[in-house]
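Fit chain S to the supplied structure of chain Y, relying on the hints for placement.
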Amino acid sequence: LAKTTQPISMDSYEGQEVNITCSHNNIATNDYITWYQQFPSQGPRFIIQGYKTKVTNEVASLFIPADRKSSTLSLPRVSLSDTAVYYCLVGDPYNNNDMRFGAGTRLTVKP
Amino acid sequence: SAVISQKPSRDICQRGTSLTIQCQVDSQVTMMFWYRQQPGQSLTLIATANQGSEATYESGFVIDKFPISRPNLTFSTLTVSNMSPEDSSIYLCSVEGTDYGYTFGSGTRLTVV
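So the protein sequences, as listed, match chains Y and S.
Going by the working numbering, the first residue of the first sequence is number 1, and it counts up by one from there.
Going by the working numbering, the first residue of the second sequence is number 1, and it counts up by one from there.
Only chain Y is shown next, with the shape it has when bound in the complex (with noise of 0.2 Å):
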């Protein structure tokens, strides 16, 4: 059973703002949420970490909902340069933290 579920895919333009959302029913009470980002020929690289309500840093922001059952990444006013997979992994990252990545979503920003 999957632990997270993304759209497969998204599409927008630049300056535009994107929203892309994580499925995280099963999630557990320990477990953070936590997206990376992956460009071609590159290794993913760390975006953003939250537990619960808005977290943000310069780059990105994470909303999440009181049940805790999803999430969502928003970029603000994307560039081509944010065409990307975006991947949202749950886990507890001080006791065995899950490692394990889900399909992940492809962005393509479009001029």
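Note that these hints are calculated values from the structure, not bench results.
All C-beta atoms, glycine included, are put in the ideal place defined by N, C-alpha and C.
No false leads were slipped in.
Covered by chain Y, according to a simulated footprint, are these stretches of chain S (three or more residues, beta-carbon under 8 Å):
id : segment
1  : 41 to 47
2  : 88 to 97
3  : 102 to 109
Same frame as chain Y, but now just chain S:
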């Protein structure tokens, strides 16, 4: 975040041979992860390697095919043994970051001919 040096970056190997991939980290880490990523696909976890203990393999991966060494807290190797064209893939190592999230190496692109 930890900095990972993964070698080789790419290789072309004959079927039936073995390739050892090295992962060097600039800081001590408890857990290291090895992944395989086939073209256009997501990452598949091969095994988790803790220093001083046997690696833990995921379903579908066995030690005879993918032996892993973890001699200290900064280094690990993954060997792809008795290779076939189906083993052509990108292999990546990963370690826990110093703050949040995990850091990944740049990967080893393996082609078996």
